[in-house]
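Take the two lone chains and join them into the complex the hints point to.
Residue strings, one per chain:
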Amino acid sequence: MKLSAEAQKVLETSMRINKTDDAGRKEIAELIHLMPYDRVLLYKNVVSNPVGDLPRYSIHIRIQHMLTFVTFLALAFTGLPVAFYDHFWAEPLNTLIGGVDVSRIIHRTLAVAMILTMIYHIFTITLGPLAQIFKGRFEIRRTIIPLLKDLVDFKNDLLYFAGIRDQRPEMDKFMYKQKLHYFAAAFGNIVMVVSGSSFLFPDIWASILPADIASHFQELMRLSHPHEALLALLVIAFWHWYNVHLAPGRFPMQWTFLTGKITREHQIEEHFLEYLRNLVEIPEERSYLQNMLVARELREEGHVHEDPEPVGSSGDAPAP
Amino acid sequence: MTMKQSWITLLFLIMIGIPYSGTVQAYVDEEGCLLCHKYPKMGRITEDGARRTYYVMPHVFGKTVHRNVPCRDCHNYIEELPHREVETGVTCNTECHSVKNPATGKNFSHKPIYDAYRDSVHGRDKITSELESDKPYCITCHTNPIYNPKEESIPKRVTDRCVICHEDREFVESWYSHTSRRIREVKRSSIEIIELCSSCHEDQSMVDRRLKAAEARGEELGKKFPVAAETYKDSFHGKVTRYGFTEAANCLDCHADYENYYLSVHEIRPSRDPLSPMHDDKRVETCQRCHEYANENYATIDPHPTKDLESNPFIYYAEEIYNWISYVVIAGLIALALFETIGRRRDGASWKLRRGSSWWRSNRKRKDRDRVI
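These protein sequence lines map, in sequence, to chains A and R.
Read the first sequence against the working numbering and you will find it ends at 1093, with the numbers running on by one and no gaps.
Read the second sequence against the working numbering and you will find it ends at 1686, with the numbers running on by one and no gaps.
The hints are simulated quantities; they were obtained by calculation from the structure and are not laboratory data.
Quick caveat: nothing in here was measured; it's all calculated off a predicted structure.
We treat Cβ as the ideally placed atom computed from N, Cα and C, and that holds for glycine.
Stretches of chain R that chain A covers, calculated by requiring three or more beta carbons in the stretch to come under 8 angstroms of a beta carbon on chain A: (1) 1555-1566; (2) 1603-1615; (3) 1618-1630; (4) 1638-1646; (5) 1655-1662.
Cβ-Cβ distance ranges computed for the label pairs, FRET-style: (6) R:Thr1453 / A:Leu889: 49 to 55 angstroms; (7) R:Asp1432 / A:Gly871: 40 to 46 angstroms; (8) R:Glu1505 / A:Phe842: 38 to 44 angstroms; (9) A:Arg835 / R:Ser1466: 58 to 64 angstroms; (10) R:Asn1573 / A:Phe960: 46 to 52 angstroms; (11) R:Asp1361 / A:Arg881: 56 to 62 angstroms.
Chain A stretches covered by chain R per the calculated footprint, using a threshold of three residues with CB under 8 angstroms from any CB of chain R: (12) 934-947; (13) 975-983; (14) 996-1007; (15) 1021-1033.
Bound conformation, chain R alone (with noise of 0.2 angstroms):
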């Protein structure tokens, strides 16, 4: 498709997304660009096929953290009306134009933690190779968490004496917000720790192509990747977790270093990798973390426990045993409880009762209580 193609496709839509607008804006759009985003069917169709909405729902926006940050803060290299082709796009490392960091003067940026992310085991570019893309970027974990300031009541006896200097009562509402949504607990559950590491850790597909990869490169990945979902789901700590249990460690709680957790979690690493703590170094220090008695032969307890022959033979076989001992002692009383009944049914024995005990037909001995005295 050429540029003139595209161009034209792009107006085709915007015709027609035209009846759909209109919304309420519930920022300030001082840039101009809702003129053309706030259209439903703006979007296009890639030269491989895939479909991409430009549509900025302005009700959706308008909520998110990133609101009252002006569109070309992060969207540096838009300089005109219609603006050309984007090629990368916005990374959470741009500096930001207008927003500044109250504590060093500086433009505010998300640099600090995308670097630590870029140096982890997931780091990788926005705009990468098709097997780096099975990393997760940013926005795979961060999905822009959208919250509405007026969700929760505010307490009104705070507000109250904000309002007498700052005036504007929807201003102070919006900081207050703003402020305490960062001093609460913004930690994910273990549940939702779990969901999000399970949903690239679970998929077959990935990890057999990054398995390929690694031997085609003759590279070495950690023996539980491939099950580390799975067999943490099958341990105890993933049993009880997902009931609910808060207590019992998630992935982050072994795989983070829990002391600066925030930072931490971007920064995880291969347990081969010295600084991760599962590295065999750390291992007993982070295990001491739940667990106080914990020393190097707590460490060697494996927790993604497989099971398999291959990997596993103690256990495989152990279970082996158990199951046929379980299969022949499960069969073998109940037959031996079927013969039983057969012969005690001979006997004259039955399941009706009379006088209080079930002992009363008659049979081969011809003898029994129905004979009254």
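So that you can see chain A by itself, here it is in the shape it has in the complex (with noise of 0.2 angstroms):
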């Protein structure tokens, strides 16, 4: 397949930044050409180890992950019958974590305890591309700041669910959907915090705030709080769980979020720029993709296809 030119740059910034040498430069040419234009053929073809195959997340991201995941939902679970409390199932679910004696004793343990993850993760968001500048391996596509390369994405993903298009968008390592889901979360996080600090403290915000807006932002961070975490209890519930654990393909579950490893045929469909670079960084990747387009006859240069049967409607194979 002849890349796009974006993909082309990423790869050839990530050869650039890892040093890969004349014979690994020809390997991956090669190998690149080799691949079909087609890249659905390419992730429907690979064997992949549901745990997960490529690397993806560090272990710290996992450990805040996982402290996220546990925080959020224990302080969703001791706020919401709090904040709701004339719904049918405040009274009940907030019995079963024991009165609002012990639940409000949770509550303040996790928000310290969120907190805490906030300041792991921001140490780390910042230490780790330092890190990267200083060796020369930063590339600012590869983090989940957003790019208006990720509204293109979005517009092209639409277009191939809708069937218009015939191959989904060459994504990064973050894909649209995570980015949003991220800086959504991070948005969140501090509104919790802020919120959350103004009912322990209120006294003490009033005294900083000025006499005109200390009490409008009282009735906000009051509205806020309650608002803003059934909304992302509903996020996590209706979308992040959907992505993560029900989509077609994904289901029952990624197991992303413990190995720190993705599968290859996920990398492969949603994150192809994150596999170029898989390529170039894991030399045994590119043996494997090899071996595999030639078992599975998928080389697209002067290889034809044994397939006996027509191909349906929209899906020619690539002309060789």
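Here is the structure:
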């Protein structure tokens, strides 16, 4: 296949950063040449270990996810019965937790744990890239920082889901959904911490803020804390769990949050640019892909398909 | 109904009540009031159709705080038997004839607390106009607490010493209970206080009636008066208190002066009254009882938060915006998830597992992992 200009750029950057020697460059170039234009063929034919093949998250990120996940749910379940006291489930849930005398201790303790997790995360996302910059390995496209490309990817992905486009866009390590979710969670965490602290230290907030807005601020925080909590819980329940558990192809779960590894097929499908970097960084992956392409007769160059049946309406195999 | 008819009715009621009488008397009835008032059917129907019972349940009254007070100490207008029609009845500022205040030697009376109450926003006469009767009288809150000296085990090692001189164990135990009851904390719990205050302040018909009356008289009611109970329950104080948390402020923590609790709960005043702890001049001090660093800014925070357009447009619009953001986000994400499902199903992904993954269906590409190498 011929890489898009964008993918070519990512590949070049990665090879430069990793100081790939000429032999390696040649090998990669040949491998890219062998790859079919249709990436769908790639991700449907690779063999994946369900617990993951390719590195994705460091141990720090996994610990932070675990901490966020545990603290968030426990905070939600201890807080929601108090905020939404007039709903039928509020009282039984609160009783189940052990009453407000217990739940308020849990809530505050976990709030501190959540804030510490945020600080831990801030350290990770600052020191990690700093180290990369220092080593000359930093790539902004490989981070979660939103770029204009994400909007284009989003549009193209929708076109693909609608059946208009032939392939999913070539997305980077973090796709548009992940970036959106990350910044929503980051924003939500800040809202929860600020509003939560305004419940715990209302007098201190009032003494810091100007007289004109002290009252409005407190009222806004009273409104924001349960609203943001409920919204976050619904987004987690409806969307994040859908994405990682219920989506077809992801069912019953992805193991990335525990193993830190992503499956090969997922990497190629949704993070193709990152897969190109994997090819540069992990020589074994090159040989795996090459063997697979040969064994499955997917090589683009000079290869004739033996598939006897005619192909479907829109799915013509790429011309040799 | 004439006087004569009343008496005939009464007699009739007494007669049908006779078979039900005969309960054991738990206290001394030297005045003979129970001659008549022991009959359960003793009562009448008033001119305006209300049923009144005059039955004194000896087994209940015998356990109340007033059980040792002779009837005519309070019912001091009774001069003959059978007595005449009662007009006002007992008011709580009546002086007792036989019970002396041991400290002053004067006749015992609830008059000091009654006077404090009469000066408060709740003060009213016992018999009063229809509108005024929205306010609570003493017995609205004080239901003449029933307690049984025998219900808690009295520490025998203590009373054994008393009995040596006072001889009568029953006397000793009842005095011990009388004293210990007053020494112990008899404050109502936060939940009870909120229930008590809400029993009137949550009554929309009472609120409407008083708003209308105030308007007619050109008076001003507190701006939180119509929403006091519901907004408290919606506040942070109310939310944790309803679950039994005892340290958050209840109604009396702010509206009464905590320094002299038992007196000040009878002296509740509107916040525009300079004597109220909620008056602008005293508000900061009141907040500081719990919120150590409270200042003037803090005192502007509304403890009875409303969120309707008229009284609080800022929060009204903020909530509208929040709601719309929530609806749009949730609907958008569900729509995206559904759209994605459709798209990826078309691509061949499904929920069925094969070889540890759910990519397995053959599809338009006709190339999938089912083709074993």
